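Peer 1: Chain by chain, the residues:
Protein chains: 6
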Amino acid sequence: MTIAVYPASFDPITNGHLDVAQRAARLFDTLILAVADRPNHKTPLFSTEERIAMMREAVAHLPNVRVDAFRTLAVEYADQQQATVLVRGLRASTDFEHEFQMAHINHRLAADIETVCLMADQQYTFLSSSAVKEIAAYGGDVTNLVPPHVAAALRRVYDQRKEATR
Amino acid sequence: MTIAVYPASFDPITNGHLDVAQRAARLFDTLILAVADRPNHKTPLFSTEERIAMMREAVAHLPNVRVDAFRTLAVEYADQQQATVLVRGLRASTDFEHEFQMAHINHRLAADIETVCLMADQQYTFLSSSAVKEIAAYGGDVTNLVPPHVAAALRRVYDQRKEATR
Amino acid sequence: MTIAVYPASFDPITNGHLDVAQRAARLFDTLILAVADRPNHKTPLFSTEERIAMMREAVAHLPNVRVDAFRTLAVEYADQQQATVLVRGLRASTDFEHEFQMAHINHRLAADIETVCLMADQQYTFLSSSAVKEIAAYGGDVTNLVPPHVAAALRRVYDQRKEATR
Amino acid sequence: MTIAVYPASFDPITNGHLDVAQRAARLFDTLILAVADRPNHKTPLFSTEERIAMMREAVAHLPNVRVDAFRTLAVEYADQQQATVLVRGLRASTDFEHEFQMAHINHRLAADIETVCLMADQQYTFLSSSAVKEIAAYGGDVTNLVPPHVAAALRRVYDQRKEATR
Amino acid sequence: MTIAVYPASFDPITNGHLDVAQRAARLFDTLILAVADRPNHKTPLFSTEERIAMMREAVAHLPNVRVDAFRTLAVEYADQQQATVLVRGLRASTDFEHEFQMAHINHRLAADIETVCLMADQQYTFLSSSAVKEIAAYGGDVTNLVPPHVAAALRRVYDQRKEATR
Amino acid sequence: MTIAVYPASFDPITNGHLDVAQRAARLFDTLILAVADRPNHKTPLFSTEERIAMMREAVAHLPNVRVDAFRTLAVEYADQQQATVLVRGLRASTDFEHEFQMAHINHRLAADIETVCLMADQQYTFLSSSAVKEIAAYGGDVTNLVPPHVAAALRRVYDQRKEATR
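These protein sequences, in sequence, are chains F, Y, L, H, P and U. Each residue of the first sequence is one higher than the one before, counting from 1 in the numbering used here. Each residue of the second sequence is one higher than the one before, counting from 1 in the numbering used here. Each residue of the third sequence is one higher than the one before, counting from 1 in the numbering used here. Each residue of the fourth sequence is one higher than the one before, counting from 1 in the numbering used here. Each residue of the fifth sequence is one higher than the one before, counting from 1 in the numbering used here. Each residue of the sixth sequence is one higher than the one before, counting from 1 in the numbering used here.
Honestly, I wouldn't trust all of these hints.
Copies of the same chain look alike in the list, so a pair counts if it works inside one copy or between any two.
Subject to a maximum C-alpha distance of 20 Å in a straight line, what follows is the list of computed DMTMM-like cross-link-like pairs (lysine to aspartate or glutamate) [said to hold, decoys possible]:
1) 133 / 99
2) 133 / 76
3) 162 / 76
4) 133 / 49
5) 162 / 19
6) 162 / 37
7) 42 / 134
8) 162 / 141
9) 133 / 19
Hints were generated in silico from the structure; no laboratory data involved. Here the structure is a predicted model, which is why all the values come from computation and not from measurement.
Start from the sequences and build out the full structure, keeping to the hints where you can.
Peer 2: See the structure below:
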């Protein structure tokens, strides 16, 4: 039985993340979507709890997928979960170099955990959480980029901010 | 049971290919190393039969790996073999764009076959069959770059060529 | 009145080329799709005449677009046509470097001709004439990648080749 | 009549921006240099008003160019201005991926606005506002990188800062 | 006699930096490792003094290498030291573009100072100070990535931080 | 005394090669421009003898530079010449990956020979021998891209070819 961990910030989860998760869920027996919960990093838009809730709703239809958070290195978390695979979604070349660096460093830290890269569908090639937040912040329509409940959450957050700066 | 196909020219198989094959063999139930046998392409250094023989010797210690040749599109071959996974080894960014193109085109041709990219160990990052041939052609030492029997075959070929051009 | 030249091999024209041509036709008064007719280069799959005929059929619905061939440098041809714009389609980063080189060299040769890069729709990001030929050569389906009459022409060519090698 | 918008931070405008603006002004009937005025982003070196003033002085000799600021998404602003073209300057490959992402996302948001990429002259290939600020901050000479009045403004700002930290 | 300056943040020095320093020390008569001491930049993990002390210990075995700090532009510092060479370590392609930009800008500022790029050994290709800090922050083992005394210093810093957040 | 080898095809030598050679000649005691004489590779435009003659004329003003040909691996040739440095000119990122691969493979073959990369002046960033030949083949002006006697040789060759195809 192969357990795979897909670690990311998921701030928030996009249709690109979902596409990678669905592909990975077909390949491995269990898939854990693992939110990086990093108190020392720059403040995310959504709290760890909010991100987990949105992800759970987004993957509710995938029986072998569960959602969790981690505060350690991704490989250490994977090891604790008896996972042998780290899943990463690849988009464009600049992504690639970063993933390469991480894969090689992770390999040094835990040689028995394999990094597996999947490529999201072409329509998600240029999609990222930051792009989604940028668009939503200026009132743009993110309907086709994230699940409906995430689009609603983004609208809520940015409407509140606008109120606050009035 | 997941069957995976790792298609390439393998002209000849290098330690980088072997590293990827060993990683893939741990992830999937069956792995098929599939040599592209393309009569219309530029003549390979080794015939399809020679390449297969060298590969069989190189993966003899991996029980769930077998070696085969294919003359169709990789996805079509995978489909014939009931495989649901295409394995690709990633090295550097220029590789990546080509793999991306192939993955997306393959996805259009056969949506149920997933392309899975693995990253060879860092020591193989800059290793390719062409680099190995270039070095061997000028009498350089390829001992650490390919299995011993492949190094011997390369020496044989280039010694014969030198004889011939005398 | 701005005349633009879109020079390429178009061997054969793909839906990606067509997408770029349609965008350019909206931006400039006249657009010339110019086939590079290079007798010293490696033999194309389709003759210059065949390529022109397929392109004419493909752009028949675009009133301000015409198709032509050229044997000189692209900037020289543009100059002969009183064009002030060279149109190029950008796909991925490796494309980009080549385009950059050409744009800068063209700028040295003819400072008053501007290179304008358009980005094909995301679904064509990884589409190229060579990929199309590769797929068609192995009997793959290219229906969504090229116009119907081009798909038919590709099928004809590769069926004949198969006959010939029997 | 084609109206084009060239949106950027212009913090401050460089000779590379100016080169792209001059090229675009020859291609389109009206060109609007549009300063991104983003209150939530990290504080720019120059205020929106200062950036606009420096840009107006820099493009005073170009009759069909005007300078403006915008607070929405670039495509939304373009739409308000009846513009059908977004102009972007390309320098090196990393630029390119970012531009690609933006072009594709903008295309989703407003399919009738075309992103047109121009390549600045080779001498500006490695020039950016951040590089200019870095050099000026350490007292380096930016005379050939920005218009004279921008060089003077940079000197003024960094001299004041030095005073302040004494 | 050729004096070379190798400027970087060295926050902290890694085995990759050391590898480049050792290569450069063989090529040039004197090599100065120069720590960028930038009060206006984001706070480094280690103070300039701590970074210098760790570097001195790391290069104690290299007789023609000394360690210093600089607060100006790198080329200006090199000029003050009568150096004619700036040494840079290259890793992957994204590095490259940044180095290219710096090399060209430095060339404009001081045409008689040559930028020389060396490539660290393959095992350091994906190693950076930030990666090291990321790993150490989450309690990962950095023994093979930095000299022993640097590994100890990292452990000390992050243990203190953990204490503090309890 | 440091001897450096700058190996390339030099088919023909361009102003970009010359710029790198001049920079390297200032850094090292002796610089050897070494033409790759590869009988099995695709036929160069100029014979090894012609390339050497053109290079000798181009570097006649550089006292510590000599021109030679080699038929082995570059590192082997360097070793025979007691050289400890291989010089390479870097232009754009795609170059870089290839150079990286070669540098790492050379390092495996001869650990005591250091690859040193220099960056040609920005005006040569997009200049290559193939671009020069492409332009000359179509009658374009290459005056600013190569030394005058090389421009003359290119004109001669392509005029003869034109005669021949009449």
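Peer 1: Determine for every hint whether it applies to the structure shown.
Peer 2: Okay, the hints, checked on the actual structure:
{"no.": "1", "hint": "133 / 99", "in the structure": "between (22 Å within a copy, 17 Å between copies)"}
{"no.": "2", "hint": "133 / 76", "in the structure": "between (30 Å within a copy, 16 Å between copies)"}
{"no.": "3", "hint": "162 / 76", "in the structure": "between (40 Å within a copy, 18 Å between copies)"}
{"no.": "4", "hint": "133 / 49", "in the structure": "within (18 Å within a copy, 26 Å between copies)"}
{"no.": "5", "hint": "162 / 19", "in the structure": "neither (32 Å within a copy, 37 Å between copies)"}
{"no.": "6", "hint": "162 / 37", "in the structure": "between (27 Å within a copy, 15 Å between copies)"}
{"no.": "7", "hint": "42 / 134", "in the structure": "both (16 Å within a copy, 14 Å between copies)"}
{"no.": "8", "hint": "162 / 141", "in the structure": "within (16 Å within a copy, 42 Å between copies)"}
{"no.": "9", "hint": "133 / 19", "in the structure": "within (19 Å within a copy, 29 Å between copies)"}
Consistency with the previously given hints fails for number 5 only.
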